[in-house]
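Student: Kindly produce the complete structure, drawing on both the sequences and the hints.
Listed below, chain by chain, are the residues.
Protein chains: 2
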Amino acid sequence: MRWLIWCVGMALGLGFAIGCGGGIESNSAPVSPAPAPASVEVPSGQVVADQPSELVSDEGMWLLNEFPSERLGRRHGFTPSQDWLDELRLASVRLAGGCSGSFVSPGGLVMTNHHCAVKCIQQVSTKRSDYLKDGFVAKRSGEELRCPEVELNQLVEIADVTSKVLGSMRGKAEAAGLESRRVEISKIEKECATSDVFRCDVVSLFHGGRYHLYKYRRYQDVRLVFAPEKAIASFGGDPDNFNFPRYSFDVAFLRVYVDGKAAETPHYLRWSAKGASEGDLTFVSGHPGTTSRMMTVSQLEYARDHRLPFLISWYSEVRGAVREFQKLGTEHQRMSSTTLWGAENSLKALRGRRQALVDAGLIGRKRAEERDLRARVDVDPELKGKYGDAWDGMALAQDVKRGIRDEYEFVEGNSGVWSVLMDYARIIVRGVEEYGKPNGERIRRFSDSNRPAVEQQLYSKAPIFDDFEIMKLTMSLSRMREFLGADHEVVRAVLGKKSPDQVARDVVKGTKLGDVEERRRLLSGGKSGVEVSQDAAVVLARVLEPYARSVRGRYEREVEAVEVRHGERIAAARFAVFGTSVYPDATFSLRLSFGTVQGWDEGGVRVGSFTTVGGLFDRATGSAPFALPGSWVGARGGLDMSTRMNLVTSNDVIGGNSGSPLVNRDREVVGLVFDGNIHSLGGEYVYDGRVNRTVSVHSSVVLEALSKVYGADLLVGEVLGR
Amino acid sequence: MRWLIWCVGMALGLGFAIGCGGGIESNSAPVSPAPAPASVEVPSGQVVADQPSELVSDEGMWLLNEFPSERLGRRHGFTPSQDWLDELRLASVRLAGGCSGSFVSPGGLVMTNHHCAVKCIQQVSTKRSDYLKDGFVAKRSGEELRCPEVELNQLVEIADVTSKVLGSMRGKAEAAGLESRRVEISKIEKECATSDVFRCDVVSLFHGGRYHLYKYRRYQDVRLVFAPEKAIASFGGDPDNFNFPRYSFDVAFLRVYVDGKAAETPHYLRWSAKGASEGDLTFVSGHPGTTSRMMTVSQLEYARDHRLPFLISWYSEVRGAVREFQKLGTEHQRMSSTTLWGAENSLKALRGRRQALVDAGLIGRKRAEERDLRARVDVDPELKGKYGDAWDGMALAQDVKRGIRDEYEFVEGNSGVWSVLMDYARIIVRGVEEYGKPNGERIRRFSDSNRPAVEQQLYSKAPIFDDFEIMKLTMSLSRMREFLGADHEVVRAVLGKKSPDQVARDVVKGTKLGDVEERRRLLSGGKSGVEVSQDAAVVLARVLEPYARSVRGRYEREVEAVEVRHGERIAAARFAVFGTSVYPDATFSLRLSFGTVQGWDEGGVRVGSFTTVGGLFDRATGSAPFALPGSWVGARGGLDMSTRMNLVTSNDVIGGNSGSPLVNRDREVVGLVFDGNIHSLGGEYVYDGRVNRTVSVHSSVVLEALSKVYGADLLVGEVLGR
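Note that the protein sequences, when read in sequence, are chains U and Z.
Position in the first sequence (first residue = 1) + 553 = our numbering.
Position in the second sequence (first residue = 1) + 553 = our numbering.
Keep in mind that the hints were calculated from the coordinates and are not lab data.
Careful, some of the hints might be misleading.
Copies of the same chain look alike in the list, so a pair counts if it fits in one copy or across any two.
Simulated crosslink set (DSBU-like; lysine-lysine; CA at most 30 angstroms straight-line) [claimed, not checked]: (1) K937 / K919; (2) K1261 / K1051; (3) K880 / K1065; (4) K680 / K1051; (5) K827 / K1261; (6) K880 / K686; (7) K1050 / K686; (8) K743 / K990.
Tutor: This is the structure we're talking about:
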């Protein structure tokens, strides 16, 4: 699934929330926390060499305020107007957990993927009503169920604040420049966020080359309107994930509410009467999470040799454990199913990325490109003086990272204490400290502008399952001991004379943080109360906190700051050589990609663009994950078997784009993006237009199923504007 | 633990038995199944260039019939006689599952590691008597318990058969040469193995440069004499594994029987009165499993990027799953504990290997060495003509392997059907076919000379636990579908319309192969009976068999044969350049290494050579894996706290050396090898004498504990010859 993979952690409680909008160790705003030195700016108007080869084909995750309309016109004969772009932007939404969506009615109706709403669906389920298993259809608005932790953001304004941000650093030494930048960004964001209704993020683009201020309308009252059974939403399960031909009905509808009433959303997408056809021009407006297309070879090698193997072994272990955990009972199964599914999805996606790095000669190609760029820099004395040693600096940063990363991951990150209860405890312990400081001096996650998001997480009413908490905590504590060693001071401080299992039990049994009111009481009570609390989770979080702050500081200074500095210099060198007609790496902010409906050649065999409902029934075996739910089996006779089910297009997307609308040149919905094919996984590093494909649910099957399988005629009427 | 890691599969039923003496997909004899072309021979007496740097220090796993006594004399002032070497050889034994041991009394008493006997200890345990938990001491010989699957081999004769083997191939084309070699080796082995008491293996050394015939005395009646509690045998568990300082009592005693009576073993090792001291010269006589020190850079990259990540993710998943599986009950825990422990051990060892490949500049060094050797070859027209393109050929073989390896692993190997019952079924299905052919034409595992080993496995009385079988089979079938894809023809043939879980249940519930007599009936009944059997496991094995044979053939032809051919050419080139004073890569046959008792510098801190019993009590926390068993806690007052517990030496060992005796220059036991330090894991590829250390149980603590903790005075008396 084209979920933002680094955020599966936050959404499903899988650990590794770093870089997402949510985990304790991350800044919720997507600016890298380390500064650019004042001397680095984006040059403009220099030598423009040949475009890098990546600029042919449909490659690109383009900014909506700098969309290459003319290029599109030359390539596909269509030149969208600014108004066209603005309307699309205002109809697009971001789900804070790592997905995209769109307004599809003037009454606040939002279309997204089932897998983007899955955590909500699990949380609003009960022992008696399992909506993951049975699906959910609200027959009228009063039946719509509030999601405890979903926030939607609509991008209402973009402003270029590059000169302000860079100006604040000018003439300052490195550390002072860093501090100035932090203060300046906090100030800009605070001035922008005039009320809790808005969320403002300064987004660092081109690795610090430019800074844009994104102002979002924030919706925190989000309710579930429709979800099919998980069996059909992720039909084919893990085996078919990232594959095509495909037959998934990965669809969900939500609705945003304001003051207890359905919100008015005048900017929304209409439904296409005929849907996507072969060769049609298609657009994806959504929020690709991260890409690494500008990574240096040393960074790619770090990913290949260290980061990806670390994550893959972790998710492998999680998958093994949760599968067995589920045998303990139906409640165990229900409470852990989204975690299992997230682990499987991450595993497949990460394996695909690693595969790209080891298989396809990709690093060789990147090495050649890097050599070429460096050669162009080295022949120009000025460029050489400014940027010549940036690549070596980046390589050195990788060496440092190797030595420090595990500690960062387990002590500051939540890889050592994987547990919802511990997440709460750590937010509280850190929160009472941070909220006591002036806004500009806080760790960014605890800035005023992000407080609503922190509180939404902390005060979530989602149920907590003790057995699962103990399992997760035991696993992660064991892994911490494994990676840091039994004699590491943090491991000794956390475990003492106990085993990981004993610590986990003692924490879960000895905490009251399962109670929302207790969490509220502690956070609002401030430092003095937290300092003397005997709550077991708070005590453990207090033990971790000084070590966590220390390793966070070291990591920021010695790794992140260095990577950002050299990344900016390399980006600047690239601008200097190739000019500015490139797109920035993905930053989980709104982007627009274009492409066409087309299949691809797989080892000499043509894979077609579409699947049909008939194909779905052919593929069904009766056994999970190829078992159809009863609703579809029952509706079979009434369904048009030639209805298009899923399709592929050449749009350039990545995790985070899940739930994005697929629209035609009339800005009508022709599909709903939910995945990429197996070749798209290498898109993290390189877009290969010959084989990289986006996978969407076709708009036709959405109406067909809503109407004939689920009897959701009201919803169909709303979508069609009737 | 210094177990032969590739054989943990066989020993603990963990899958991946390829390359071990046991899994259905392997040849039990250690000759590579693919041939050398007739044209390749080992040159002798050519240009001898500088010795490769690896030949300084205590590096080397030397052949006992070609031991570098003079080199040892120069380095350590001791020159062992041939008699000294022969006696040591005859006192050494190999455990077929992947370990080493030694005779330590004239009455058949064998010393080895607890972790080498662990499967036996589990198998002879019952619901009422859990010897893993409680330990086992036979108070008299009648109480010694027969291990259902242990075979011991004593190397009684070595003969050089290089000229016979190479001669058989001379003048023949490739395929014919291959066939001739196979026939010749079978003939040599059969002539040698004059009765079931002997096992004869032609061992390919120097990657086919030379062939030695090893004649083993085979002991199949092996009984458990003594085992401590697992809690002390692997004290420190996974966290301390491969670490030092260390405090493990990883000791077990077995006894070989002949005709129901304790065997007479006149060649045995005496006990040292004082044990090992700082700086002492030490020898390890044992069976290192495999090393890859001659691997080319392309092979190392394959290991780094493909093989090791595959295995690490598998063992991670196994660990996660088995840990949770154990929560289902005490019986679940008991029946799966050795599997869990094997997974943890493999995981740590494989991670260490991978770490060596990605961290230490190791590949860079290997690349430089390879460049140097190739340059030396290229300057000599004759050498260039003979060997110049071997490295490129090897690199191409890696590309082919990438494309075929998964299929080989899951279809011919047992990675897809991880289950004792399926192992039995596959032996039967293949066995009735193979045993119907002339000896020379069979897959080597089914040769006459290996039949006793196959039957010992197939007719084992070890208990089978259905729940665990289902778990393992479900996991491995799921993984097969994951790696080969849901649409792969074998996956379709195996699963049909069922899920992996359903297939697993149906096989386990629908087979009678849990009954030894049924297995015996089927194998002895021959093809006709097997062909019509409705036994569910046999049916599944029959489904797999044609695909398995097909992929096995392709893999042998397109990968193994090519790797062997180029490996031999590279080995020959190395001989031509550097001469013959090198040792061959490990082949799970007897080797002798020398070294001294010494610690090492770990990041500027000196790690000492010894730990003591006092240190053990200091490290104990009361929580597993740092919890002492009651026996040690109770005996504490009587123990001498200064008794040496574990020690490190610079001997060059690798997995398979577990259980080897550590002896002094008087050939007396001063320790019992059970592990290496963390740096030893890179020893797979390179021996680094500065930090690579072997970890042993000190001989002193063995007597101290046998006497004061276990009251095993009879055993002490036997060991001391009293």
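Student: A separate judgement is required for each hint: does it hold in the structure or not?
Tutor: How the hints compare with the structure:
Taking identical chains as interchangeable, the C-alpha atoms of K937 and K919 lie at most 30 angstroms apart only when both belong to the same chain, with a minimum of 20 angstroms there against 33 angstroms between chains. Proximity of K1261 and K1051 under a CA criterion of 30 angstroms is satisfied inter-copy only: 28 angstroms between copies versus 58 angstroms inside one chain copy. For the identical chains of this complex, K880 and K1065 are neighbours both inside a copy (28 angstroms) and across copies (26 angstroms), given an alpha-carbon limit of 30 angstroms. For the homomeric pair K680 and K1051, the shortest alpha-carbon distance between copies (28 angstroms) is at most 30 angstroms, but the shortest distance inside one copy (34 angstroms) is not.
With identical chains, the CA atoms of K827 and K1261 are at most 30 angstroms apart within one copy only, with a shortest distance of 18 angstroms there and 86 angstroms across copies. For the identical chains of this complex, K880 and K686 are neighbours both inside a copy (17 angstroms) and across copies (26 angstroms), given an alpha-carbon limit of 30 angstroms. Taking the shortest alpha-carbon separations for K1050 and K686, only the inter-copy value of 21 angstroms comes in at or below 30 angstroms, while the best intra-copy value is 43 angstroms. In this assembly of identical chains, the alpha carbons of K743 and K990 lie at most 30 angstroms apart only when taken from the same copy (15 angstroms versus 83 angstroms across copies).
Checked against the numbered hints given earlier, this structure breaks none of them.
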